[in-house]
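S.K.: Protein chains in written order, with the numbering used here: chain A, 25 to 218; chain B, 69 to 176.
Please keep in mind that the hints were generated in silico from the structure rather than gathered at the bench.
Since this is a predicted model, take the numbers as computed values, not measurements.
Okay, derived cross-link-like pairs now, SDA-like style, lysine to any residue, Cα gap no bigger than 20 Å in a straight line: (1) A:Lys60 with B:Leu138; (2) A:Lys214 with B:Thr121; (3) A:Lys121 with B:Ala139; (4) A:Lys195 with A:Ala101; (5) A:Lys214 with B:Glu123; (6) B:Lys81 with B:Ile115.
What follows is a list of derived Cβ distance ranges for each label pair: (7) B:Pro145 with A:Arg181: 15 to 25 Å; (8) A:Asp93 with B:Asp117: 36 to 46 Å; (9) A:Gly96 with B:Asp132: 21 to 31 Å; (10) A:Asn70 with B:Thr88: 16 to 26 Å; (11) A:Met185 with B:Glu133: 47 to 57 Å.
We treat Cβ as the ideally placed atom computed from N, Cα and C, and that holds for glycine.
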Amino acid sequence: MKLRRYVGLLPVIFVVACATDSARFGGNTVTYQDPKGINTVSNEFNLTDMNNIAEAMAKKILISPALRDTQGLVRIAVLPFRNDTSEYIKSQEIYDKITTILINSGKVRIVNASNDVVGALQAQQSGLYNQAKTAKIGNANGAKFAIQASLASMTNRNSNMRVNSYVFGIKLTELETLEVVWQEGRDIVKSSQR
Amino acid sequence: MTAAIPVGAQVAKETKIIRTGSTKNLKLESVKARKANGYLQVQVTLINDSSRTVEFNYRFRWLDEAGFKLAEESWQPARLFPGQSYDFEGVAGEVSATDFSIELNGMN
Numbered sequence: 025m026k027l028r029r030y031v032g033l034l035p036v037i038f039v040v041a042c043a044t045d046s047a048r049f050g051g052n053t054v055t056y057q058d059p060k061g062i063n064t065v066s067n068e069f070n071l072t073d074m075n076n077i078a079e080a081m082a083k084k085i086l087i088s089p090a091l092r093d094t095q096g097l098v099r100i101a102v103l104p105f106r107n108d109t110s111e112y113i114k115s116q117e118i119y120d121k122i123t124t125i126l127i128n129s130g131k132v133r134i135v136n137a138s139n140d141v142v143g144a145l146q147a148q149q150s151g152l153y154n155q156a157k158t159a160k161i162g163n164a165n166g167a168k169f170a171i172q173a174s175l176a177s178m179t180n181r182n183s184n185m186r187v188n189s190y191v192f193g194i195k196l197t198e199l200e201t202l203e204v205v206w207q208e209g210r211d212i213v214k215s216s217q218r
Numbered sequence: 069m070t071a072a073i074p075v076g077a078q079v080a081k082e083t084k085i086i087r088t089g090s091t092k093n094l095k096l097e098s099v100k101a102r103k104a105n106g107y108l109q110v111q112v113t114l115i116n117d118s119s120r121t122v123e124f125n126y127r128f129r130w131l132d133e134a135g136f137k138l139a140e141e142s143w144q145p146a147r148l149f150p151g152q153s154y155d156f157e158g159v160a161g162e163v164s165a166t167d168f169s170i171e172l173n174g175m176n
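Taking the hints into account, I'd like the entire structure generated from these sequences.
M.R.: Structure, rendered in structure tokens:
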């Protein structure tokens with residue numbers, strides 16, 4: 025009688041087991057984490073810092089006087105990221121997160137004049153393509169502003185503690201006047217006990 | 069349906085807050101909202117109303133006129149000393165955001 029009761033619970037146990045976000049592989053427990061959560065596994069620069077910086081900076085650009093004073097769509101070019109840390113930082117990901125917010129705002133267009141894109145446009149001018157169906161040179165819209173960002177780091181340590189400090193900076197330059205019209209930064213300090 | 073907030077005015081404070089974990093020592097001092105360049109901008113002031121350091125996380129959720137969630141930001145960590153006040157702000161990345169909620173997650 026008791027056994028029959030437990031057999032009846034088997035589907036419930038199966039569903040509960042499937043609903044958890046952990047699984048064991050080769051002796052290790054693998055758990056999915058909230059990608060927007062806070063990662064404190066180490067005090068190095070991580071996805072949490074990247075997300076927080078990108079969200080804050082992109083939204084500050086959106087409400088900056090430079091964009092407020094520009095009518096219609098604002099075209100922005102993205103200049104190379106300067107990584108002054110001792111770590112390998114996926115700088116393109118920071119830019120991608122910033123430009124995703126900017127583009128989705130509806131107010132901004134990113135001018136992508138990278139070698140890959142320009143090369144693809146130039147390739148269409150060759151005899152390889154049907155010229156009636158190619159993208160023409162000379163129709164690109166120039167950017168009004170350029171974004172340039174940098175990240176620097178400092179480390180302080182003693183026998184008990186290690187502190188990593190990160191200084192993120194970003195500026196918006198008006199290309200016609202070469203004036204920096206907006207600049208913002210964010211500092212992140214993370215400590216860990218040894 | 070969630071009513072759009074009265075932009076430019078201090079909004080009803082606790083109605084915008086979703087608390088999880090231990091946040092009883094975090095006193096909500098003010099919640100202000102306005103439009104900046106057409107985007108909803110919210111500024112919040114909290115005070116640590118206790119005699120110990122409080123660690124917590126927070127984030128904004130941006131909602132449209134019908135109360136649908138448009139975006140959920142990443143969690144931000146914060147640490148307040150006893151009696152310290154703390155201002156933080158958020159900006160909706162879409163002009164269609166007309167309302168918001170703030171999640172507070174107490175860590176200790």
